[in-house]
Amino acid sequence: MSLQIKGLTKLYDQQKAVNNITFEVAKGEIVGFLGPNGAGKSTTMKIATGYIPPTSGTVTVGGFDVTDNPMKVKMITGYLPEHNPLYLDLYVHEYLYFIGKIYGWTGDRLKKRVGEMIDMCGLTREQNKRIETLSKGYRQRVGLAQALIHDPEILVLDEPTSGLDPNQLVEIRKLISEVSKDKTVIFSTHIMQEVQALCNRVVVINKGEIVADDALENLMKLDKGNSIVVEFATPLPAELLASLPGIKEVKPVGVATYRITAEAGVDIRPEVFRLAADKNLALIGLKQEESSLETIFQSLTSEDPVQH
Amino acid sequence: MIQVLFKEFNSFLNSLIAYVVMGVFLTAMGLLVWVFPETSVLDYGYADMDTLFSVGPYVLIFLVPAITMKSFSEEKKAGTLELLMTKPLTDWDILLGKFFAGFLLVLFSLLPTLIYYFSIRQLGNPPGNIDTAGVAGSYIGLILLGATFCAVGILASSITSNQIIAFILAAFLCFILFSGFDSLSALSLWSSYALQVKQLGVLYHYDSLSKGLIDSRDLIYFSSVIFLLLSGTKFIMGSRQW
Chain A
16 MSLQIKGLTK
26 LYDQQKAVNN
36 ITFEVAKGEI
46 VGFLGPNGAG
56 KSTTMKIATG
66 YIPPTSGTVT
76 VGGFDVTDNP
86 MKVKMITGYL
96 PEHNPLYLDL
106 YVHEYLYFIG
116 KIYGWTGDRL
126 KKRVGEMIDM
136 CGLTREQNKR
146 IETLSKGYRQ
156 RVGLAQALIH
166 DPEILVLDEP
176 TSGLDPNQLV
186 EIRKLISEVS
196 KDKTVIFSTH
206 IMQEVQALCN
216 RVVVINKGEI
226 VADDALENLM
236 KLDKGNSIVV
246 EFATPLPAEL
256 LASLPGIKEV
266 KPVGVATYRI
276 TAEAGVDIRP
286 EVFRLAADKN
296 LALIGLKQEE
306 SSLETIFQSL
316 TSEDPVQH
Chain B
143 MIQVLFKEFN
153 SFLNSLIAYV
163 VMGVFLTAMG
173 LLVWVFPETS
183 VLDYGYADMD
193 TLFSVGPYVL
203 IFLVPAITMK
213 SFSEEKKAGT
223 LELLMTKPLT
233 DWDILLGKFF
243 AGFLLVLFSL
253 LPTLIYYFSI
263 RQLGNPPGNI
273 DTAGVAGSYI
283 GLILLGATFC
293 AVGILASSIT
303 SNQIIAFILA
313 AFLCFILFSG
323 FDSLSALSLW
333 SSYALQVKQL
343 GVLYHYDSLS
353 KGLIDSRDLI
363 YFSSVIFLLL
373 SGTKFIMGSR
383 QW
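Here the protein sequences come in this chain order: A and B. Following the working numbering, the numbering of the first sequence begins with 16 at its first residue and continues without gaps. Following the working numbering, the numbering of the second sequence begins with 143 at its first residue and continues without gaps.
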């Protein structure tokens with residue numbers, strides 16, 4: 016079961032929330048849907064789950080068109096909306112029963128499944144509590160449990176880890192990677208480590224347009240920047256560093272700290288060290304900058320959207 | 143639909159709303175019918191239930207909007223409406239579930255007043271001397287009225303995410319629908335159409351039913367008003383795309 020989005024556009028009044036985006040999530044794939052706040056991630060997911068209709072374009076989930084066949088799509092999709100809305104006045108197991116019944120599960124089958132979900136999501140001790148008494152991490156587990164209760168083939172998770180503390184973050188991530196083994200998953204986030212931890216492909220969206228859609232490794236190669244950060248004890252004229260061979264750019268980032276970008280393939284570190292020794296400058300720090308997904312994300316989403 | 147109905151009704155029971163609504167309704171009606179001298183059936187001299195059926199609607203004008211005000215408003219505010227709407231439920235499933243849950247609570251509130259009927263029946267001289275057909279017709283009227291008010295309340299609740307606005311709007315609309323048209327028809331503006339204006343209101347049909355004659359026109363009136371109100375709600379639910 017795959018998810019295909021073709022030429023999807025969504026207008027709110029005159030504002031384009033999503034502008035003609037096209038991508039596909041193949042069966043069994045885990046795709047991270049990345050973008051800054053307000054990029055159109057949630058809008059895309061709301062359309063894919065049949066909450067709001069698209070202005071134009073189509074979304075096909077497991078072969079069914081969302082607009083023409085919303086019930087079929089909703090039956091095979093598990094959805095965790097942004098901010099994880101829950102019926103706070105219900106008990107955990109009561110809530111899961113309610114959602115399960117909506118999907119047409121009944122009797123022993125439902126009872127067994129609710130038990131399984133409670134085990135799987137680590138809610139055993141919390142199952143007889145009201146949802147309103149649970150902490151954010153446990154609420155998130157309840158949200159995941161309701162999205163998974165009918166064993167959906169497609170899982171749509173909108174910022175499943177936002178607002179969690181580092182421990183909860185790790186636990187929820189582990190849970191997601193466990194449950195998504197044999198499912199097609201698309202999840203949105205603006206946390207980069209999450210993508211690295213969970214998925215094999217990334218779709219980056221900015222201002223309603225797709226700016227990157229590639230495997231993680233390929234995306235990492237995008238950043239050809241070769242920069243180091245050096246720190247001296249006292250400030251020194253920037254020209255001094257710029258005079259070194261193979262330097263592209265020198266940028267002060269602190270009082271006596273500079274980011275030096277060298278041309279591709281050049282290791283500038285020995286040169287800087289030699290310079291410091293020659294001029295008798297106290298070099299107190301030298302660090303190679305990792306080409307992280309963060310910098311790629313920043314470079315992809317800070318510029319104006321790509322012109323088509 | 144049935145799952146939404148159960149869930150809604152359960153949450154009435156869990157949140158004490160059900161007990162407060164039934165308690166207030168029955169206390170108010172009990173006081174009016176049996177205790178307060180101006181309206182008490184004991185001082186009245188006739189074995190009938192007019193007090194219940196003439197004051198009941200005004201109590202419902204306040205109670206029903208209180209039951210229904212949270213149905214959509216709260217879900218909109220909490221975001222759970224998105225959750226429901228992305229489940230395999232049609233808009234009708236959701237709104238009918240909510241409508242019938244409210245209606246069921248109204249029915250449960252009315253049910254204990256049947257005791258009044260049996261008590262007053264015994265008080266008649268000779269015992270059993272009561273206009274049973276009139277009472278039955280009035281009950282049907284009151285039940286349909288409760289259903290209409292529920293539909294009004296759900297509509298008002300679907301418009302806003304603020305429960306207080308939903309309540310005030312629903313109470314106002316219930317009042318206009320119930321007796322507003324009746325009062326409007328007294329205006330000289332449409333003197334020749336006064337009856338038609340009056341017939342637009344609920345009170346005309348409610349009175350007609352309470353005479354003990356179950357007229358299909360009244361039943362059709364009530365069902366079309368309820369259907370129109372629920373369709374309005376459906377329309378507003380569908381407007382999420384705007």
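Simulated from the structure, these hints should not be mistaken for laboratory data. Everything numeric in this text was worked out from a predicted model, so none of it was measured. Be a bit skeptical, because a hint or two may be false.
The list that follows gives simulated cross-link-like pairs (lysine-lysine, BS3-like), each with its CA atoms no further than 27 Å apart [to be verified]:
(1) B:Lys376 x A:Lys87
(2) A:Lys144 x B:Lys219
(3) A:Lys31 x B:Lys340
(4) B:Lys219 x A:Lys151
(5) A:Lys151 x B:Lys376
Derived DEER-like restraints, expressed as beta-carbon distance ranges [to be verified]:
(6) A:Pro181 x B:Thr232: 38 to 46 Å
(7) A:Pro181 x B:Pro254: 29 to 37 Å
(8) A:Lys144 x B:Phe369: 37 to 45 Å
(9) A:Asn52 x B:Thr232: 29 to 37 Å
(10) A:Thr310 x B:Gly374: 25 to 33 Å
(11) B:Thr232 x A:Asp228: 56 to 64 Å
(12) A:His98 x B:Thr232: 18 to 26 Å
(13) B:Lys219 x A:Pro252: 34 to 42 Å
(14) A:Lys144 x B:Thr169: 55 to 63 Å
(15) A:Asn52 x B:Val197: 31 to 39 Å
(16) B:Trp332 x A:Asp83: 41 to 49 Å
(17) A:Thr310 x B:Thr232: 30 to 38 Å
(18) A:Lys151 x B:Val197: 43 to 51 Å
Now the stretches of chain B that chain A is said to cover, found in silico as 3 or more residues with beta-carbon under 8 Å [as the list claims (entries may be wrong)]:
(19) 327 to 340
(20) 356 to 362
Just so you know, even glycine gets a beta-carbon here, dropped at the ideal spot from N, CA and C.
Do the Cβ positions of A:His98 and B:Thr232 conform to the proposed distance bound of 18 to 26 Å? Between A:His98 and B:Thr232, where Cβ atoms are some 25 Å apart, the hint holds.
Can you tell me if the stretch 327 to 340 of chain B counts as covered by chain A, using C-beta to C-beta distances under 8 Å and a minimum of three residues? violated (count 0)
Okay, A:Lys144 versus B:Thr169 on CB: inside 55 to 63 Å? violated (34 Å)
Please test the hint of 41 to 49 Å on the beta carbon pair from B:Trp332 and A:Asp83. Once the Cβ atoms are compared, 48 Å apart, the range 41 to 49 Å for A:Asp83 and B:Trp332 holds.
Is the hinted pair B:Lys219 and A:Lys151 satisfied, with a Cα-Cα distance of at most 27 Å? holds (18 Å)
Kindly confirm whether 29 to 37 Å is satisfied by the beta carbon distance between A:Pro181 and B:Pro254. violated (56 Å)
Tell me if the straight-line CA distance from A:Lys151 to B:Lys376 falls inside 27 Å. violated (33 Å)
Does B:Lys340 sit within 27 Å of A:Lys31, going by the straight-line distance between their CA atoms? violated (49 Å)
Cβ separation of A:Thr310 and B:Thr232, checked against the hinted range 30 to 38 Å: violated (47 Å)
Does the Cβ pair B:Thr232, A:Asp228 satisfy 56 to 64 Å? Roughly 34 Å apart at Cβ, these two residues miss the hinted range, so it is violated.
Given pair status - A:Lys87, B:Lys376, alpha carbons within 27 Å: holds (21 Å)
Given a hint of 25 to 33 Å, does the C-beta separation of A:Thr310 and B:Gly374 actually sit inside it? Given about 53 Å between the Cβ atoms, the range is violated.
In this structure, the hints that do not hold are numbers 3, 5, 7, 10, 11, 13, 14, 15, 17, 19 and 20, in rising order.
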